[in-house]
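Taking this note's numbering, the leading residue of the sequence shown gets 406, the next gets one more, and so forth.
Since the hints were derived computationally from the structure, they do not count as laboratory data. It should be emphasised that the depicted structure is a prediction, and the values quoted were computed from it without experimental measurement. Be aware that one or more of the hints could be misleading.
No farther apart than 25 angstroms at their CA atoms in a straight line, the calculated lysine-lysine pairs in the PhoX-like style are these [as the list claims (entries may be wrong)]: (1) Lys540 - Lys530; (2) Lys487 - Lys540; (3) Lys487 - Lys465.
Computed beta-carbon distance windows for the label pairs [what the hints assert, rightly or not]: (4) Lys465 - Gly512: 36 to 46 angstroms; (5) Gln536 - Gly512: 31 to 41 angstroms; (6) Tyr535 - Pro494: 18 to 28 angstroms.
We put the beta carbon where it would ideally sit given N, CA and C, even for glycine.
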Amino acid sequence: MSKVEDFLTKAEEQEIIEAIRLAEQNTSGEIRVHLEKTTDKEPLERAREVFRFLKMNETKQQNGVLFYVAVDDRKFSILGDKGIDIAVPDNFWDSVKNSVITAFKDGNYTQGLKEGILETGAKLKQYFPYQKDDKNELPDSISLS
């Protein structure tokens, strides 16, 4: 792969952004996707750095979720903020992670991200339901580095 920008088509990017919007209709949680070409770090460690860089740790309820992908390395991680970690069981992310990885193994990156995002919204609804006065605290766009 030459550039991270080539990982998804514009139409695929829009599908993922729409999945984020749909997922966030169920929950006050804030979901972001970050793509980068490569990393020499463990994906969860790098996801923590990106999480802070994107200021995802500054949401009111500390309920941000990052889907991190190092495209060329084929590394993936999901990271939830500490408000989520306190509220949910230890295995909370297992089914989301497994859905995404299964789709990724088949080369279905867009589908994997969409399914993971929608499942995240549905699962977070129990702990962080959408409120009428919720504000979208983070952009829905996909960040790249």
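Now for the hints, and whether the structure bears them out:
1. Lys540 - Lys530: Satisfied, since the Cα-Cα distance of roughly 16 angstroms is no more than 25 angstroms.
2. Lys487 - Lys540: The given pair, whose Cα atoms are some 19 angstroms apart, holds under the 25 angstroms limit.
3. Lys487 - Lys465: Judged against 25 angstroms, a Cα distance of about 12 angstroms means the pair holds.
4. Lys465 - Gly512: 36 to 46 angstroms: holds (38 angstroms)
5. Gln536 - Gly512: 31 to 41 angstroms: Check passed, 38 angstroms falls within 31 to 41 angstroms.
6. Tyr535 - Pro494: 18 to 28 angstroms: holds (21 angstroms)
Violated hints for the displayed structure: none, as all numbered hints are satisfied.
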